[in-house]
Amino acid sequence: MKKVLGNKKAIALFVIPALIIYTIIVALPVVWSFYYSMYSGSPGLKWKFVGLANYGKLFRDKNFIDALVVNLKYIGFTMLGQVGGGLLMALMFRFWVKGGRNAVRTIVFFPTVLPTVAVGQLFQKIYEIQPNYGLLNSFLSNVGLQKWVQPWLGQASTALPCLILMDIWTGIGFHSVILYGALLDIPEDIIEAGRIDGCGGWQLFKNILAPLLRPMIISSCVFSFSGTVKMFESALALTNGGPGNATRSLSMYMYSVSFTYNKVGYGSVIAIFIFLMCIAGSFVINRFDVKESYY
Amino acid sequence: MKKKVLAAFMSTVMLAGVLAGCGSSSSSSSSGSTGSAETTAAAETSAAAETAAAETTEAATTEAAADTGSGDFSGEDPQLTKDFHILSIWAEDNDNGVLINQICKDYQKVNPNFTYEYELVSSDDLRQKISTLAASNDLPDMFVYESGKPIVDLIDAGQITDIGALLKETGSSDYVTPAATSLLETLSGTDTIYDLPLGLNVEGFWYNKALFEQAGITKTPDTWDEFEEDLKTLKDAGIQPLSCGAADKWGATRLINAYTVRTMGADAMQKAADGDTNYTDDGYVAAAQKIQDWANAGYFGEGVNTVDMNTAGSMLMTGKAAIFYNGSWFTSNLNDTTANQAGPDGIGFFNVPVVDPSISPADSYSMNCGNILCLSQDKTDEATKWFVKYFVEHIGDVAMEMQGSVKGYTYTTEASDMSGYTQLVLDEIDKAKSAFTWYEATMNSEVSDAAQQNVQTLLSGEMSAQDYMQSIQDAKDMSDM
Chain L
1 MKKVLGNKKA IALFVIPALI IYTIIVALPV VWSFYYSMYS GSPGLKWKFV
51 GLANYGKLFR DKNFIDALVV NLKYIGFTML GQVGGGLLMA LMFRFWVKGG
101 RNAVRTIVFF PTVLPTVAVG QLFQKIYEIQ PNYGLLNSFL SNVGLQKWVQ
151 PWLGQASTAL PCLILMDIWT GIGFHSVILY GALLDIPEDI IEAGRIDGCG
201 GWQLFKNILA PLLRPMIISS CVFSFSGTVK MFESALALTN GGPGNATRSL
251 SMYMYSVSFT YNKVGYGSVI AIFIFLMCIA GSFVINRFDV KESYY
Chain V
1 MKKKVLAAFM STVMLAGVLA GCGSSSSSSS SGSTGSAETT AAAETSAAAE
51 TAAAETTEAA TTEAAADTGS GDFSGEDPQL TKDFHILSIW AEDNDNGVLI
101 NQICKDYQKV NPNFTYEYEL VSSDDLRQKI STLAASNDLP DMFVYESGKP
151 IVDLIDAGQI TDIGALLKET GSSDYVTPAA TSLLETLSGT DTIYDLPLGL
201 NVEGFWYNKA LFEQAGITKT PDTWDEFEED LKTLKDAGIQ PLSCGAADKW
251 GATRLINAYT VRTMGADAMQ KAADGDTNYT DDGYVAAAQK IQDWANAGYF
301 GEGVNTVDMN TAGSMLMTGK AAIFYNGSWF TSNLNDTTAN QAGPDGIGFF
351 NVPVVDPSIS PADSYSMNCG NILCLSQDKT DEATKWFVKY FVEHIGDVAM
401 EMQGSVKGYT YTTEASDMSG YTQLVLDEID KAKSAFTWYE ATMNSEVSDA
451 AQQNVQTLLS GEMSAQDYMQ SIQDAKDMSD M
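The listed protein sequences correspond, in order, to chains L and V.
Our numbering applies: residue 1 is where the first sequence begins, and numbers increase by one.
Our numbering applies: residue 1 is where the second sequence begins, and numbers increase by one.
Read the hints as simulated data drawn from the structure, not as lab findings.
Heads up, a few of these hints could be off.
Covered stretches of chain V (chain L as the covering partner; in silico rule of three or more C-beta atoms under 8 angstroms from a C-beta of chain L) [as the list claims (entries may be wrong)]:
no.: 1; stretch: 180-187
no.: 2; stretch: 291-304
no.: 3; stretch: 437-449
To list a few chain L residues with every Cβ distance to chain V over 12 angstroms, as calculated [to be verified]:
no.: 4; residue: Ile129
no.: 5; residue: Ala246
no.: 6; residue: Val257
Here the structure is a predicted model, which means the values were calculated and not measured.
Ideal Cβ positions, reconstructed from N, Cα and C, are used throughout, including at glycine.
Extracted from the complex, chain L is given alone in its bound form:
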């Protein structure tokens, strides 16, 4: 084995095919985006070299700033809900739910496998107000909270929270199953030892479970981050970016700019921004990992 790995040709044989494919499908388009970002219009239509003008435009574009804010809010709250909620779920499976554990887990996991568009339709019905009250509004109306009945998806103030709630509902099962798996890996005797030493529930979690779960929580965060930073199909299915720009994400805005407004050049600038945001986000999350692994 050592002989094989010591041979440079052998290494090249293993690495180069993957490297070539990677370069073609990932690195090249990124470079290409950068090249496009210096043109106005779209190829074939008013395609002119404009240098860095598109970049200058970026932060003067109110729509872009709005989309960025929406996207950041969405990432923050959805991640918190999915990972935090998933963790609570997992703890519940481990310590509270005695009978029917599998049934409960299946039910919680079930939304994850539903197609996004179907979930969008489902929640549209739940939040519905016209022509008939949906589940939520008819519930509120029946328990005497008529003044809380709202066009949930029809006003900018509630549309984003409604969307976030839907995506937490979809994603929470996935994260709870991952974290539950990690919880099962923690040996029973450690927990028992903690109990004997007089740990309460919170202390047990803070001093024993959380540190042991850290790698898995970080993975969960990375999954959740990479899922939410894209923010496209669920918003498209539930609200189509509306009302106004209340749920329009960066990728949705990028799509409109590139293909509806025919400004592929400017769209590429937004794409590059999303790319940098991904790198920065992954970097921040991974920082937690590095720091803690020293002790």
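With chain L's structure known, arrange chain V on it following the hints.
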């Protein structure tokens, strides 16, 4: 040592792999268009050259036509050989596809040397496809396109035939109705037509007669004041006065348009688009304010932004709302007896009420021509002209016989089984003396997007009328940048 190098290399690749996961969304924009980009970029330079060439040939052919008189189009069809390529968005057994194919087949009986090829493209891809074909100077003989802003680009590039001149030459100008002609001229901003209509729709308010009766309203409103009075009467009678599909957005902007045109004239939106006025001027803001006031008064019911046009239409037909703004294509829903609970005579129609007849008269309707047909400038020859002559002279009758619909051409026959609603629309179209266009007709996609998206926050009261018009003006400034 080597092991270390290897480890470093491997970890770089893995790190790259991690980034790749995140990077995929960003690269999609460029990779999606890479294929066409290469071809169009290459074609661009040649297109520029060819446009110049096309302009000179255009001048040359018109001159030649003037010199020789080109030919006499009054006699028998000379049966010229022609392979005619048509690009359409309707399948051969659907909508206008039926008519186009029928005309082609009929024409083959007149001219057996005429063959045609019927190509289909989805309507979503139409603009993309045409701009690619235009860039490579290879437009089909005849193709379906969109009126308004998109066609102007093709006219500017000298890619499509001046159909007005062509019809004059073949002596068949009279077969396209004056209403359709003036509408198409307005939409392209020219004094001749560059396209053939494939529909002629009027828009206005559909109302539920039973609900009007219930609220004690005896006649449809003629003026805007009467209209608002009626809305109030309906509201007071516990009936939802208006249904509006603001989830589809255009349903709401049409209402703003209606008031804008009635108070400022048919060219108000054109002026703002040209920069002669600002979208933030008082008149435009007042129109937006009017719609917001209605929303605040509860005329649209609860959650108007979550209602789409279909739902809004069925609310009218099932008696949940009294008035609904839509175009004459709504008749297909009205003719559907299972959907229309109001019955074959339960729904009526009135035009947008007038504010000041001297600015915008009562016989001026909001109209549109749906999708339109264009001819490639390069491929228009003698045989094309004979075909187009046959086309405009016969499509009016064929459309009336086969579908009972009006396409913007004169017709001499009557459909055998015409419903009351279809007749109603025909009568309204006959009453129209002039036309105005829809809110976004003069806007490019960026401005139109702003107008449509923000109308929802206007209705929900989260954006003031002033801010709404400002957002449209901002989008225009941004797109000009």
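Each hint, compared with the structure:
| no. | hint | in the structure |
| --- | --- | --- |
| 1 | 180-187 | violated (count 0) |
| 2 | 291-304 | holds (count 4) |
| 3 | 437-449 | holds (count 4) |
| 4 | Ile129 | violated, 4 angstroms |
| 5 | Ala246 | violated, 7 angstroms |
| 6 | Val257 | violated, 8 angstroms |
The structure shown violates the earlier hints numbered 1, 4, 5, 6.
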